[in-house]
Structure formats: structure tokens, C-alpha cells
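Undergrad: Below, each chain spelled out in residue letters.
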Amino acid sequence: MEVSKLPISATQRGKLISAGYTSLSSICSASSSDISRGTQTAWDMLQEEQESLARITTSCADLDNILGGGIGCREVTEIGGVPGIGKTQLGIQLAVNVQIPVEFGGLGGKAIYIDTEGSFMVERALQIAEACVEDMLEYNRFLRNDCQVKTQPKDILENIFYFRICSYTEQSAVINYLDKFVSEHKDVKVVIIDSIAFHFRHGFVDLALRTRVLSGIALKLMNLAKKFSLAVVLLNQVTTKYTEGSFQLCLALAMNVMHTLTSHLIFDQHQLHIQLLAEGSGIPHQEVKGSK
Amino acid sequence: MANKLISEMRLPKSIANIFAARNITTAKDALSLTELELMKLLDVELSEVRSALALVSEIVCPPFQTALLLMEQRAATEHLGGHLPTRLKGLDAALCGGVPFGVVTELVGPAGTGKTQFCLKLSLLAALPAHYGGLDGGVIYIDVESTFTSRRMIEMGASSFPEIFHSKGMAQEMAGRILVLQPTSLSEFTESLEKIKVSLLQNQVKLLVIDSMEALVPGVHEQRAPGQHPLSWHISLITSLAEFSRIPIVVTNQVRPQSHDESCLYPFQVQKMDRILKDRTRYYSHIVAVLGFHWAHAVTIRLVLEAKSGQRFMNVEKSPTSPPLAFSFTINPSGISLLTDDGTEMVVPETCNLSSR
Chain G
1 MEVSKLPISA TQRGKLISAG YTSLSSICSA SSSDISRGTQ TAWDMLQEEQ
51 ESLARITTSC ADLDNILGGG IGCREVTEIG GVPGIGKTQL GIQLAVNVQI
101 PVEFGGLGGK AIYIDTEGSF MVERALQIAE ACVEDMLEYN RFLRNDCQVK
151 TQPKDILENI FYFRICSYTE QSAVINYLDK FVSEHKDVKV VIIDSIAFHF
201 RHGFVDLALR TRVLSGIALK LMNLAKKFSL AVVLLNQVTT KYTEGSFQLC
251 LALAMNVMHT LTSHLIFDQH QLHIQLLAEG SGIPHQEVKG SK
Chain Z
1 MANKLISEMR LPKSIANIFA ARNITTAKDA LSLTELELMK LLDVELSEVR
51 SALALVSEIV CPPFQTALLL MEQRAATEHL GGHLPTRLKG LDAALCGGVP
101 FGVVTELVGP AGTGKTQFCL KLSLLAALPA HYGGLDGGVI YIDVESTFTS
151 RRMIEMGASS FPEIFHSKGM AQEMAGRILV LQPTSLSEFT ESLEKIKVSL
201 LQNQVKLLVI DSMEALVPGV HEQRAPGQHP LSWHISLITS LAEFSRIPIV
251 VTNQVRPQSH DESCLYPFQV QKMDRILKDR TRYYSHIVAV LGFHWAHAVT
301 IRLVLEAKSG QRFMNVEKSP TSPPLAFSFT INPSGISLLT DDGTEMVVPE
351 TCNLSSR
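Chains as they are written, first to last, in the UniProt record's numbering: chain G, 1 to 292; chain Z, 1 to 357.
By construction, these hints were calculated from the structure, which means they are not laboratory data.
On a predicted model such as this, the values are computed, not experimentally measured, just so you know.
Ideal Cβ placement from N, Cα and C applies to all residues, glycine included.
Incorrect hints may appear among the rest.
Said to hold, decoys possible - Here are the simulated lysine-lysine pairs, PhoX-like style, with alpha carbons at most 25 Å apart:
hint, chain 1, residue 1, chain 2, residue 2
1, Z, K197, G, K180
2, Z, K40, G, K5
3, Z, K13, Z, K40
4, G, K15, Z, K40
5, G, K180, Z, K13
6, G, K180, G, K220
7, G, K180, G, K150
8, Z, K4, Z, K168
9, G, K5, G, K15
10, G, K180, G, K5
11, G, K186, G, K220
12, G, K186, G, K227
13, G, K186, G, K150
14, G, K220, Z, K40
15, Z, K4, G, K220
16, G, K186, G, K154
As the list claims (entries may be wrong) - Interface residues of chain G toward chain Z, partial, derived using beta-carbon atoms under 8 Å:
hint, residue
17, L6
18, S9
19, T11
20, Y21
21, E123
22, R124
23, A125
24, Y162
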């Protein structure tokens, strides 16, 4: 690899080249190689995954099955669908479900909700929180469990950190800032971005730059998910694309972010159609939309 | 926040100077470039770029609120927790108290199903004094199709609130609060929106009605250039207006029949297409809202008005607080009234028939 392609600033590059280091190998031989630092064997990764195999339930058994138990931590999940299909509903649901205490099989974490469209409804969040507490009470009765349900719907709402974003600049800023925010609030276990593409669909003149900025954002989110072992959920809008003489639905700006995703869900109109790592399976729509 | 000056952010002097020298003056300039591009442009280390961006981001990032705080604030400062009651019991229950503040509510339906009637009634309700359950504020009614009639509105008021409208001078005061704008083109509309923005933000206006968004933008559903949506700037303006002035915005939209060859499917559904095409009768009956997905994503609540076999129905098709419900209603002198307060839940394919190019 040439020195001129390395991600270093121009002055440094100039110094290296003038000192005669033109390729990466020449630098490597000069200094002790630390290329292998930061790698992990596949076995270690498996061990780590098994230890921290935390998943957030979607409150929908079939969807959980397909996802292998829920939305996975350390993963980026994208959820797309036509307007009114229930993307925001699922987002709010996850923000509540992540707070189910450990005794009840949840994560007992907190949620960050980044709202770019203004579609987050507190009333709905309260309804879902109430239903969640009720569910826990019922679970207790069912199992004759001794653990007390201390959580109140209001506590659940208090643990949802809500950011309202009004421009793509703010969106980039909040994603940069998340790193610091999460290290101050260690118990955040899910980051939900309600419509990753909304602001990027207008206001950007240079489309190539838009692609680069978006992939930068996607990478940062990926790192965040790994670093703090939390789940990142991106909700995305659909748009239409004209291919081969017909209009087809596709996710907005899909090409930019798709490569960094771990799983990928698309909600369909007539049934929930889920694409998970290129595997499809259908479950009824009502399951998620139903007011849990 | 996006245009905040970097020179005011107390970055380390050396790096602040470099930013200034490269003509990156606002946070927007800095954050619309990738880290590597910035590094190249500023000619500094990647780690320095990162730390500078982290600082800039922290300052530009809007403060967070907990959902609880948000709810308590709204309950404390806003009328009925931020809702304009429609006085239709079933609908109000489904929408948690009425048309919510701060978001865009859309009415969709063919001509003559009562969209304008509903808008007139809502304007009237917003103009009513607070002790009669109104918002006691001004209304801006953007009437693109020239369907606004003051006579009908006064009639509605007189039959639903006779005690107000029969007292002297009140009808005049109520009607005086409703400001009607009749733009003839999109550019004129944009201009007037810009003008009323100031008064909107000063909290004198409590409701904004745009009667027929579609009439403003004829030809939107024709073949368009890739990349930018022709309406995207307006969509963004309208949603942000709703958000910042915390008022309800009600928009009407027309429908058009869906023809079979432009159906919208995900790529993985294409094989199913043949099956659907055989079922022509059902397929042709679909009516879709104009303006496309981009617009449909931006509205928070979508009510579909339709007439079927002599009965009128109002469907709550998209709402964050309610399952898809259908109410049958009639139009009478006092406006719109529901025949039953309990909506019937709709089956899925019916509720999601909005599709478009």
C-alpha cells in the first residue's frame, strides 16, 4: 500500500515521503509491526457473544423467533415500511421493552430515542408503558413469582431520553455526541433513530457527499453498538424506484447504509414480510400493530 | 443551531484558526464533510479532527428530554395536553383527545366526501373562546381551491353553538379570527407561508388549514427527475412549522384511481404480481392518495373519508395512538357527526391501501 493512500494529514505524508518511506511495507519494516493488534480469533468472538447475548424482545413472539430472540445488542437493525405500517410503534415499543427488569427476563436498560420526524407521541409511549407494567404483573401472578413489580409507567417514561432533531447537521452532531452521552449514561441499551434518511433526502445538493456522510454515520453507529454493546435500531422510510418498466418499493437511501447492517426488516402491507440476512418469512401484520 | 459559528465554540485556539482559515465557519460546514475530507482540507491529524468534531457536535446537539418531562410539560402548558378536540366522541377517543398540536394531520378523500366541511368545523372550533372548549385563537385557512364559504361556516356555528352565535357581535368576532388566503400558485403559497411564519411563531395563530395540498402542486404525480422530490422542501417547512409553533396543521389531499401497471411492490414481491393481476376487480377498486410516499411519511395522522353505498365513512388510517378504525358519519347543518361513537376495526389490506408511485 502506498503512503499516499494512508489516512494521514498532508504534512505528515510529505514528511514520510521526503524521508523515503513511500509504501506501507517500508514503514512496517522500520518499526515494530502492530498490525495484529486489535484482532480476535473466531473462537474468542463466539465466547464473547455467548456471554453478552442480550436481546430486546419486540413483544411479538413470531417476530422474536425470526430475529433469534429479539433485536440483538451489538447489532445495527434497520426497519423499513410504507407509511402507517407501524415503524414508529415498534420503535416506541422497543424503547419501553428494553427497560423490562432483569428479573423478568429483560435488560433493565435505558433508551435513547432520536426523533427526526416529530412522530414520537408521548401519549402512545405512556399507553405502551402501562401495558408493559400490566404484563409484568400478570407474569408475576402466572408464575407465582415473588419479585415485586416496582416499575411504574412514569419511571419507564423517565428512562427514555428523547432528542428532537431538525436538520441533518444536528443529526450528524447527535450521532457524534452519542459516544460521550452513552459513556456518561452506561445503562443505555438501545438507540432508536426514527427515520435515518428523512433530513438527508432534502437539503443536500452534492449527492456524492451525501453518500459519504451517510456511510460515515452508519459506521459510527456500528462502532457505538460494538463499543457499548447496545442495540441500534434505524427506522427508514420507503420510496419508489423505477426499474425495468415498473415501480418498485425500496428503502430510502438504502444503498448507503445497507452494507453496514446486521439485520434488515421490511414491513409489508398485506403481511409482515421480513428479510433477515436474505431469509424471508411471513407473519401476520396485526401482531405488532396490536396495542400491546 | 446548525448555523452556529465555530469561532464561538471555544475550540482550542490553534484548531479554531485552522477552521477559520479554510473557510469552515459554521457547524453545518464542518459536519457536512466526512472526517477524512476534513483532515485533508485542514491538513491536521485525524485524532485532532475527531476531538474538534466531538466538541462541535456536543455544542450543536440539541438537549435531550426524558419522555416523562415532555409529557408533564405539555400537560402543564397546553390546552388539553396539546389537543384540539373535534367534538366527535369516537374520533377524539381514538386520537387521545383530538387533533394533536405540533404534527401534520391529513384528510384524504374523493371530491364531495366532506373534507372541506371538516376543515371548516375545525377552524370554527379553534376560534371559539376557551370557556366553550375552543382554543381562543386565530386560524389561518389556506384555500387553494376556493371552496371556503363563510356562510356555511356561520351556519355550522349557529346550529352547533347557538348561544355564542346568537349573541350580538360574536359571530363577527369568531369569523374575524379566521384569516383566509387564496394563493394561486405554489410560489405564491410559499411566499405567504414565509410571511405568516412570524405570526405563527408569536403564538397568535392556533390552527393552520391547507385545503388541498395537491391543488398547489399539479403534476407532481407525473414522471419526475430522480434525486430531489419536488415537494420535499415544502414538506420539511410544514412539519417544522407545526413543530416549532406547536399548533395543529390540517391538510387535505385528493385521491386518484390506481391503475394496475404502476402498482408498487417490493422487489421480493414481484413474483406475487401475477396472482394479483388475475384478481382485477379487486385491484381496480383501489384508490390511492396523491403526492406519494414521501408526503405520506411526513404526515402523522391520516384520516380517509370515503362514500360507500350511500354511507359516508371516516377511516383512521395512520395514527400513532389508534388501531385502524372506521366511523360512519353524516353531514348535517352543524357540520359532521358520527353515527356511532364506536369505530369498527378494519382489516389490514383495506387500511393499507395507500400506495402510490
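Undergrad: Decide, hint by hint, whether the structure agrees.
TA: Taking the hints in turn, this is what the structure says about them:
1. Restraint check for Z/K197 and G/K180: not satisfied, since their Cα atoms lie roughly 36 Å apart, outside the 25 Å limit.
2. For the hint pairing Z/K40 with G/K5, the CA-to-CA distance comes to about 11 Å; that is within 25 Å, so the pair holds.
3. For the suggested pair Z/K13 and Z/K40, the alpha carbons sit about 20 Å apart, so the restraint of at most 25 Å is met.
4. Proximity of G/K15 to Z/K40 is assessed by CA-CA distance (about 15 Å); at most 25 Å being required, the pair is judged to hold.
5. About 22 Å separates the Cα atoms of G/K180 and Z/K13, which keeps this hinted pair within 25 Å; it holds.
6. Proximity of G/K180 to G/K220 is assessed by CA-CA distance (about 13 Å); at most 25 Å being required, the pair is judged to hold.
7. Between the alpha carbons of G/K180 and G/K150 the distance comes to roughly 30 Å, so the proposed pair goes past 25 Å and is violated.
8. Restraint check for Z/K4 and Z/K168: not satisfied, since their Cα atoms lie roughly 52 Å apart, outside the 25 Å limit.
9. A distance of roughly 14 Å separates the Cα atoms of G/K5 and G/K15; the hinted pair therefore holds under the 25 Å criterion.
10. Of the pairs offered as hints, the one joining G/K180 and G/K5 is violated, with about 30 Å between alpha carbons and a cut-off of 25 Å exceeded.
11. For the hint linking G/K186 to G/K220, the alpha-carbon distance of about 18 Å falls within 25 Å, and the restraint holds.
12. The straight-line distance between the Cα atoms of G/K186 and G/K227 is roughly 11 Å, inside the 25 Å bound, and the hint therefore holds.
13. The suggested pairing of G/K186 with G/K150 holds, with an alpha-carbon distance near 21 Å, which does not exceed 25 Å.
14. Under the criterion of a C-alpha separation no larger than 25 Å, the hint pairing G/K220 with Z/K40 is consistent with the structure, at around 20 Å.
15. Between the alpha carbons of Z/K4 and G/K220 the distance comes to roughly 23 Å, so the proposed pair stays at or under 25 Å and holds.
16. Taken as a hint, the G/K186 and G/K154 pair is honoured in the structure, with Cα atoms around 21 Å apart against an allowance of 25 Å.
17. Interface restraint check: G/L6 against chain Z, minimum CB-CB distance 10 Å, threshold 8 Å, status violated.
18. Taking 8 Å as the C-beta contact cut-off toward chain Z, the hint placing G/S9 at the interface holds, the least distance being around 5 Å.
19. At a threshold of 8 Å, the smallest CB-CB gap from G/T11 to chain Z is about 6 Å, leaving the interface hint in force.
20. For G/Y21, the interface hint is violated, since its Cβ never comes within 8 Å of a Cβ in chain Z; the closest pair sits about 17 Å apart.
21. Taking 8 Å as the C-beta cut-off, the interface hint given for G/E123 holds, the closest approach to chain Z being about 4 Å.
22. For G/R124, the interface hint holds, the least distance from its beta-carbon to any beta-carbon of chain Z being 5 Å, beneath 8 Å.
23. The beta carbon of G/A125 is positioned within 8 Å of a beta carbon in chain Z (closest approach about 5 Å), and the interface hint is therefore held.
24. Because the smallest distance between the Cβ of G/Y162 and any Cβ of chain Z comes to about 5 Å, under 8 Å, the interface hint for this residue holds.
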